[in-house]
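A.B. asks: Turn these sequences into a full structure, and let the hints guide you.
In order, the protein sequence lines correspond to chains A and B.
In terms of our numbering, the first sequence has 163 at position 163, counting the first letter as 1, and numbering is strictly consecutive.
In terms of our numbering, the second sequence has 266 at position 266, counting the first letter as 1, and numbering is strictly consecutive.
Just so you know, these hints were derived from the structure itself, not from any lab.
Remember, predicted model here, so these are calculated numbers, not experimental data.
Just to be clear, a hint being listed does not mean it is correct.
To be verified - Cβ pair distances, simulated, as ranges:
1) A:Glu-163 x B:Ala-421: 49 to 55 Å
2) B:Gln-144 x A:Ala-249: 33 to 39 Å
3) A:Asp-303 x B:Asp-103: 26 to 32 Å
4) A:Ala-125 x B:Asp-103: 45 to 51 Å
5) B:Thr-165 x A:Asp-142: 48 to 54 Å
6) B:Gln-144 x A:Glu-218: 54 to 60 Å
7) B:Arg-164 x A:Ser-269: 31 to 37 Å
8) B:Phe-194 x A:Glu-265: 38 to 44 Å
9) B:Thr-200 x A:Glu-265: 27 to 33 Å
10) A:Gly-334 x B:Tyr-58: 48 to 54 Å
To be verified - Taking lysine-lysine pairs in the DSS-like style, the calculated list, with each CA pair at most 25 Å apart, reads:
11) A:Lys-119 x B:Lys-174
12) A:Lys-251 x B:Lys-247
13) A:Lys-251 x B:Lys-116
Note that beta-carbon positions come from the ideal geometry of N, C-alpha and C, so glycine has one too.
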Amino acid sequence: MSKRTLAVAAVAGFVMVAPALAEARDQIRIVGSSTVFPFSTAVAENFGRTSGFKTPVVESTGSGGGMKLFCAGVGTEHPDITNASRRIKQSEFEMCGENGITITEVKIGFDGIVLANSKAHSPFALTKKQIFLALAKEIPVDGKLVANPNKLWSDIDLSLPAERIEVLGPPPTSGTRDAFVELVMEAAAEEFPEIKALDKNAFKAAAHSVREDGAFVEAGENDNLIVQKLEANPNALGIFGFSFLDQNADKLQGATVGGVAPEFENIASGEYGISRSLYFYVKQEHVGTIPGIKEFVAEFTSDKAWGDEGYLMEKGLIPLPTGDRKSMMESANGMAPLSM
Amino acid sequence: MTDSTAPTAALRRADLSEERLGRRYAAEKRFRAYGLMAIFAALAILGLLIGTIVLNGYTAFVQTHIAVPVYLDPQVIDPQDTNDPQIMGRADYQGLLRTSLRDRFPDVSGRRDRLKLYGILSNGAGLDVRDAVLSDPSIIGTTQTLWVKSSDDIDSLVKGYIDRTLPESDRRVKDNEIVWIEALEADGAIETQFNTTFFTAGDSREPEQAGIWGAVVGSFYTLLITLVLTFPIGVLSAVYLEEFAPKNKWTDLIEVNINNLAAVPSIIFGLLGLAVFLSIFGLPRSAPLVGGMVLALMTLPTIIIAARAALKAVPPSIREAALGVGASRLQVVTHHVLPLALPGIMTGTIIGMAQALGETAPLLMIGMVAFIVDIPGGVTDPATVLPVQIFLWADAPERAFVEKTNGAIMVLLGFLILMNALAVLLRKRFERQW
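C.D. replies: Below, the structure is given as C-alpha cells:
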C-alpha cells in the first residue's frame, strides 16, 4: 500500500512542479497556415541543421487559428511567428496591438491555385466567368438571379464537353477555398451587371455561395485526397494548390484559365490569374528573448532559400520578383514594424 | 366435448416427420454458412487493408544509395590540421560529393544541368560523408568510395514508381537524369540498402531523410505519463467503488458518469486539455506531459470499467473466507482480491494504452500536431506521436511520402499487435477459472 501512496504523491508533485518547467524556452515556435507549412518547415529544418540553434517547432493551425494564438500576448507561452496564406486582417492587427505586440510582416512568395483533371481526359480550357457559371449557387439568367440550372459543361459554353459538372474542392474552413472564392468567384461576379448592381452584402452572398446540388463536392482539407479522387474519376475537376499539381504531373493536367496555363513561370509573372501571396509575421518583442529569431528570418529571406533557385522553389513556392525580394529582405531583417 | 376437441389436439402435436427435421438441419447449416461468410468478409476487408498498406509501404524500409568515390580533401575538411571534430564537422561535405559527381560526368555543363546533376544526391548526403570522417579521421586525404543517399525522386525512379517510358514533361525525373542514373546503374554504383534513417531519424521535409524515431520516442513518453496517471487512479477508484463504497444515489451517479465518459468523443478531452492544462496551469504546448494527461483522461474510464469487471469476477467466497479468519477489509482487498483481479486489470490497462497509442484528435488541440525534427529528450520537450506523424506525412505533397506514410502505419500496427498480444498472453497465462 505504501508503494501506491508514494506513486500518487509522486504524480501529484509532478503535476504541481511541471508549470515551472514551462518558463524557459530556447526554441522558436511557429504556428499558422497549412499552405505555408511545407515552406516554413523546410526553412526550419535547414536552419536547425546549419545555424547551431534548435530546430523550430512548426504547427499547422490554419491562418486564422495561427493569428489567434500569435496575437494572444507576449511571453514564452505564446508563439513567436505565425504563417498566413492571406494578409493579416485589420481586426487581427488591432488585437495584436492591444496585447502589446509589434509585428514585422514578411511576404515570402506566391501560391497558385489550380483546376486540374486526370490525364485520361482531355484538358479543360476555362475562363473565370465559366467557372463562376459552373459553381455559383445562383447565376443571372435573363436579368434575374436563379438557382444554377447548368448541369453539363456544354450548358455553359458549347466549346466545353457535354459532360456532367463535377468539381472537387476544399471546404470553407480552408484558406485555399477563401482564396479561390475571392480570386475567381468574386472577380467573375463583377463581370455580371446584375450581380454588380447589388448592394455590398447581397453581392457578397451571391459571389461567395457555392452550389450545393452535387456539382461541387467538398473533398476535405487533404489535397492528396483530391489528387487520388481525380485519378479514380477522370470526369471530375479538382481545385488545389500548385505544388500538388507539380508533384503529380504524370497523372494530372491543369486547366488553362483565361488561356493561361498554370505553370511556374506564368504564376511567377502574375499572368495566371489565380494566385495569392503568402506571408509570415514575426513578434518583435520576442527577438532577443527567444534565441535565433533574427537568424531564422535571415535564413528564410536568403537567396539560397527563397531565391529563384532556392530550396523553397523545389518545394513549390513561387518566388517574389527579384526587386521585391530585395526590399522585403531589407525590411524583414531590419524588423520594420507593420502599420495598418 | 372431448370428441370435438380431440382433432385440434392432434393437429397441435409436434410434427416429428423427416421433412421437418431436414428443414431444421438446413436452417442450422445456413446459419453457420452466414456466420462463416461474415467472418470471411471481415477477413477479406482486413486483408485488403493490410495488403495495400504493405504493398505501398514495404519500400519505405529500403533506400536507394549511390556509390560516390569522394576525395576527402584535407584543404576542405581541416585546412589548419587541427584535428578538432568541431571544425571537421562543419566542413562542406556536400561540396566534396559535387566535385566527385562533376568528375564522373565531365560533359555536363551549364548551371541548370549541373544543379540537376547535384540533385540526384540527397541534400543530406553530406552528413553521411561527415559521419564517415568523424568516426575515422584517418581517411582524410584519401579517396573513399562511400554509399550516400539519393534524392527522393531518384529513389522513386529506382524503386519503379516513376515510369521511364512516359513523355519527359509528365515525369519529375527528366531524360538527362535517367541517362546519368542508367550509367551509374551500369557501373553497379546504385543499390537499395536497408533504410536505417527511417528508424533512427526525426521528421524531415526531405522524404529520404525522414524517420519515425522522434514520433516513437514521443509516443513512448506520452504513454508513460498516461500509464503513471491512469493506473493508480483507475485501480484505486475501481477498488473503492467495488469493495468499499455504499450503494446509494451518489455511487449510482458516479457509475453512470464513468460509463458516459467512456463514450465521449476524444476531441472533447483535447479541448479540455487546451482550456485547463495549457491556459490555466500554463503547461508547455506540444509536450508529451500534456498529451499524456489528456490521454489519461480519455483512458481512465476504460481502465476503471475493466478493473471493476475484474474485481467483480473474484468470487465472494474468497472475501468471506478471508473475513472469516479475521482479516480486515483492507487486508481482504490487498492480500486476496486485488492479486486475483490483477491479470484482468492489466489486460484492461494494456487495451486502454493501445487505444491511447492510436489517438490523434485530442492531441491536435494541444499542439502535438507539429513539425518536430529534434528527438524529444524528456516529457516537456516538444514531441509528436506516431499516428500524428502518419497524418502529417499523408498530407505532404512529395510523392515519396506515400511509402513513408504506409511504412509508419506498419510500424504503428506492429506496436498495436504487440500490445494486444501481450494482453491476450497475460489473460491466458494468469487468468483463473472459478
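A.B. asks: For every hint, state whether the structure bears it out.
C.D. replies: Hints, verified against the model:
no.	hint	verdict
1	A:Glu-163 x B:Ala-421: 49 to 55 Å	52 Å, holds
2	B:Gln-144 x A:Ala-249: 33 to 39 Å	37 Å, holds
3	A:Asp-303 x B:Asp-103: 26 to 32 Å	27 Å, holds
4	A:Ala-125 x B:Asp-103: 45 to 51 Å	48 Å, holds
5	B:Thr-165 x A:Asp-142: 48 to 54 Å	53 Å, holds
6	B:Gln-144 x A:Glu-218: 54 to 60 Å	55 Å, holds
7	B:Arg-164 x A:Ser-269: 31 to 37 Å	32 Å, holds
8	B:Phe-194 x A:Glu-265: 38 to 44 Å	41 Å, holds
9	B:Thr-200 x A:Glu-265: 27 to 33 Å	40 Å, violated
10	A:Gly-334 x B:Tyr-58: 48 to 54 Å	51 Å, holds
11	A:Lys-119 x B:Lys-174	19 Å, holds
12	A:Lys-251 x B:Lys-247	66 Å, violated
13	A:Lys-251 x B:Lys-116	23 Å, holds
Hint check: violations occur at hints 9, 12; the rest are consistent with the structure.
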